[in-house]
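Protein chains: 2
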Amino acid sequence: MDHPYSFDIEEYMSKERFKRFKEFSGDKETPCLIVDLAIIREKYEELRKNLPFAKVFYAVKANPLDEVVTQLQDLGSSFDVATRFELDQLLRLDISPDRMSYGNTIKKERDIAYFYDKGIRLFVSDSEADVEKLARAAPGSRVFFRILTEGLGADWPLSRKFGSHPELTRRLIVKAKELGLEPHGISFHVGSQQRDIGQWSTALTTVGSIFRWAREQAGIQLKMINMGGGFPASYIDPTNDIQEYAEEIYRYITSNLGGETPEIIIEPGRSMAGDSGIIVTEIVNIAKKSKHDLNQWVFLDIGKFGGLIETLDEAIKYPIYFQGGGEAVDAIIAGPTCDSMDIMYEKHTYKMPSDAKIGDRVYFLTCGAYTQSYSSIYFNGFPPLAAYVIK
Amino acid sequence: MDHPYSFDIEEYMSKERFKRFKEFSGDKETPCLIVDLAIIREKYEELRKNLPFAKVFYAVKANPLDEVVTQLQDLGSSFDVATRFELDQLLRLDISPDRMSYGNTIKKERDIAYFYDKGIRLFVSDSEADVEKLARAAPGSRVFFRILTEGLGADWPLSRKFGSHPELTRRLIVKAKELGLEPHGISFHVGSQQRDIGQWSTALTTVGSIFRWAREQAGIQLKMINMGGGFPASYIDPTNDIQEYAEEIYRYITSNLGGETPEIIIEPGRSMAGDSGIIVTEIVNIAKKSKHDLNQWVFLDIGKFGGLIETLDEAIKYPIYFQGGGEAVDAIIAGPTCDSMDIMYEKHTYKMPSDAKIGDRVYFLTCGAYTQSYSSIYFNGFPPLAAYVIK
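First to last, the sequence lines map onto chains Y and X.
Note that the first sequence covers residues 1 to 391 in the working numbering.
Note that the second sequence covers residues 1 to 391 in the working numbering.
Just so you know, the hints here were simulated from the structure itself, not pulled from any lab data.
A few of these clues could be false.
The list makes no distinction among identical chains, and a pair is therefore deemed to hold if it is satisfied within one copy or across any two copies.
Said to hold, decoys possible - Here are the simulated lysine-lysine pairs, DSBU-like style, with alpha carbons at most 35 Å apart:
#: 1; residue 1: K317; residue 2: K288
#: 2; residue 1: K49; residue 2: K357
#: 3; residue 1: K317; residue 2: K347
#: 4; residue 1: K177; residue 2: K19
#: 5; residue 1: K357; residue 2: K223
#: 6; residue 1: K118; residue 2: K317
#: 7; residue 1: K351; residue 2: K55
#: 8; residue 1: K118; residue 2: K22
#: 9; residue 1: K288; residue 2: K223
#: 10; residue 1: K15; residue 2: K291
#: 11; residue 1: K118; residue 2: K19
#: 12; residue 1: K288; residue 2: K391
#: 13; residue 1: K347; residue 2: K391
#: 14; residue 1: K317; residue 2: K223
#: 15; residue 1: K49; residue 2: K351
#: 16; residue 1: K223; residue 2: K22
#: 17; residue 1: K223; residue 2: K175
#: 18; residue 1: K288; residue 2: K55
#: 19; residue 1: K223; residue 2: K291
#: 20; residue 1: K118; residue 2: K175
#: 21; residue 1: K347; residue 2: K28
Here the structure is a predicted model, which is why all the values come from computation and not from measurement.
Okay, chain Y solo, but in the shape it has when bound:
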């Protein structure tokens, strides 16, 4: 499907809001990321309204800017923390340890001890060696167990990296209890930007089965389901509304968990921060490879290694707003580094206006999540992506 250059901005945000972004960025050097905190607030409230039964643990890694984290703290969010570096940041921002989980299945024992020492008592696990580390370094803590899901239908796909099969999960639950930990619940992740709501049904069916097994066969009452993230942000491929996700998921929970009413946790990252950000970039060059080349190459001052790594395999397709008018011309969109992999879109056809010109600003919408923190420290000498916040 072609992406027209002349799409209606109101598919993504109000004209006033876009104008505000543009005005705010007017005196900033490109490339830069502008994040509007009001949008994050709206997204948080929308999630709370549609999933009132779920406690929010914001996935800090999606957008770790201090202002984003602080605002979510003020709104009452808890936090899914990936590393001791994120933990240090959150402690610096005065976030209470009882509002955090150490949500990375891959952790050093000394890092677990560090979290425990700072007061964190909620941990994920998916392997025997990790459960043993937790028992030693975080004795008595609550542990939830991540099951392996396949993530079909997700734009930023899952792999088999995280989670264990149910058979192993059951063994881990028993082992954790034997080692003095508190088996607390089950977690899963359906894959980021998951457009197939049915994936939650599959995962929740497995969760329900493990809950029943734990109660009936192992004498363990699990108390929590952590449904991870996967709710979408607004890229160019259509998704369902959050209401539809919420209604369906609620139905899956009640049908699979029967009489049980476990605590429900979600870990939104992309769906919370994605829509809040715009990346402002400049056209550095427009070129053809030969006189009769049907494609125009448009080189921007940001690319894969400056914050747009999720364009890998053209996985995430950002709405791109060009200025100018005229005919719609096929564009290959590439970044400014000397790396030949630094091409954002070549297979998927983006259109640009024929009178767009070198020096024009171009706006990438829905860039609030998984952009700035990925940007490289000094590749080709480029500094990491600058970020600004509209309060």
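Given the coordinates of chain Y, assemble chain X onto it according to the supplied hints.
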């Protein structure tokens, strides 16, 4: 082809040298990159010896550490500079502008002006708009024109991002002259880690043809061939020795350029810096997905976003040195972030010793190029890869 865990370190370096790396890194926290300057010196001297007819412009982007750049300056190298940020670094290190080229085809006019203002007079170009920018912002400068090559046979492949077809190249040469620039030469790049020497033959045939055309049809005497990079570093897939590259390439030059004796420039990056570095990492976890899983998942404290981005699509296969012994077990090797894409090797089978254990150090060889500068600023909270230099 499997990669055995018990390979002989002497395929890559002397035992003494490896011991020195290990000892030097012993008190450093992992992950970290250790660069041995002596290896870069040897590589420089080896290139000079085998290609005495070529002037070296080191591709700073491959490894921009101050100590690396300064040593190459002392050895007499010139520098291929990608951005004004690298230019600022080189000026800070007191490198003379007449030893630099602005070797990125993608540049803003104000950056060209900045280079010109600092004294740089040698620029690459591959498009009409860029030639016009150069004429305005760097009047009278020497320009070389990059032709499009396909890069088949390269491990880190080329794309069509850089260069123009010969027909357009010829027009650019004429245009540059008309606009008061000095058409100086032709450049190409056969693709990084190019294992097929024949690619230089193809490129040099085109170059020879453009030289002849320029002299006979346009009255322009081109004076330089910039052969870019592409010479290999020592990854696990075998390559020819640099001597063989040099002999073949020299033959291609003489057979294609006939009586002409243009200046020859090369821009080694990977071949100069690659072998000089080792990344030291720690095993964070070893896990299976189920009891009977045939694969072990080995999670390290470095991954794709911490400096090993060239493992994308398993393109670059680093030699990985495990400690311990026992049976050889199939390993899937993954990084420490919560990103499911952060898996280094899953299709290509790496072997690990069955008695390797959590907490062991693991050494990635040939990591001196295109690693540290790519590392992300704060993804999952991880700081950029630390780098140390053995002098």
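Next on the checklist: When Cα atoms must be at most 35 Å apart, do K118 and K22 count as within-copy, between-copy, both, or neither?
Outcome noted: The answer is between: 33 Å across copies meets 35 Å, while 42 Å in one copy does not.
Item to check | K223 and K22: within-copy, between-copy, both or neither at 35 Å Cα | outcome: neither (47 Å within a copy, 47 Å between copies)
Next on the checklist: At most 35 Å between CA atoms: does that hold for K223 and K291 within a copy, between copies, both, or neither?
Outcome noted: Only across copies: K223 and K291 sit 26 Å apart there, 66 Å inside one copy, limit 35 Å.
Checklist entry - How would you label the pair K118, K19 (within, between, both, or neither) given a Cα cut-off of 35 Å? => result Neither: 43 Å inside a chain and 38 Å across chains, both beyond 35 Å.
Checklist entry - With identical chains treated as interchangeable, where does the CA-CA distance between K357 and K223 reach 35 Å or less: within a copy, between copies, both, or neither? => result So K357 and K223 pass the 35 Å test across copies only (33 Å; inside, 58 Å).
Next on the checklist: Reference check for the pair K49 and K357, CA-CA at most 35 Å: within, between, both, or neither?
Outcome noted: For K49 and K357, the Cα distance exceeds 35 Å both inside one copy (44 Å) and across copies (47 Å).
Checklist entry - Taking 35 Å as the upper bound on the Cα-Cα distance, should K351 and K55 be classified as within, between, both, or neither? => result Neither: 41 Å inside a copy, 43 Å across copies.
Checklist entry - From the Cα coordinates, with 35 Å as the cut-off, is the pair K49 and K351 best called within, between, both, or neither? => result Neither way: K49 and K351 sit 37 Å apart in one copy and 50 Å across, limit 35 Å.
Next on the checklist: Regarding K317 and K347, is the shortest C-alpha distance of 35 Å or less found within a copy, between copies, in both, or in neither?
Outcome noted: both (11 Å within a copy, 26 Å between copies)
Next on the checklist: Within a copy, between copies, both or neither: which one fits K223 and K175 at a CA-CA cutoff of 35 Å?
Outcome noted: Within one copy, since 17 Å is at most 35 Å while 73 Å is not.
Next on the checklist: I want to check one pair: K118 and K175. Are their C-alpha atoms no more than 35 Å apart within a copy, between two copies, both, or neither?
Outcome noted: So K118 and K175 pass the 35 Å test inside one copy only (25 Å; across, 66 Å).
Next on the checklist: Within, between, both or neither: how does the pair K347, K391 come out at a Cα-Cα threshold of 35 Å?
Outcome noted: Classified as neither: same-chain Cα gap 37 Å, cross-chain 46 Å, threshold 35 Å.
Violated hints for the displayed structure, listed by number in ascending order: 2, 4, 6, 7, 10, 11, 12, 13, 14, 15, 16.
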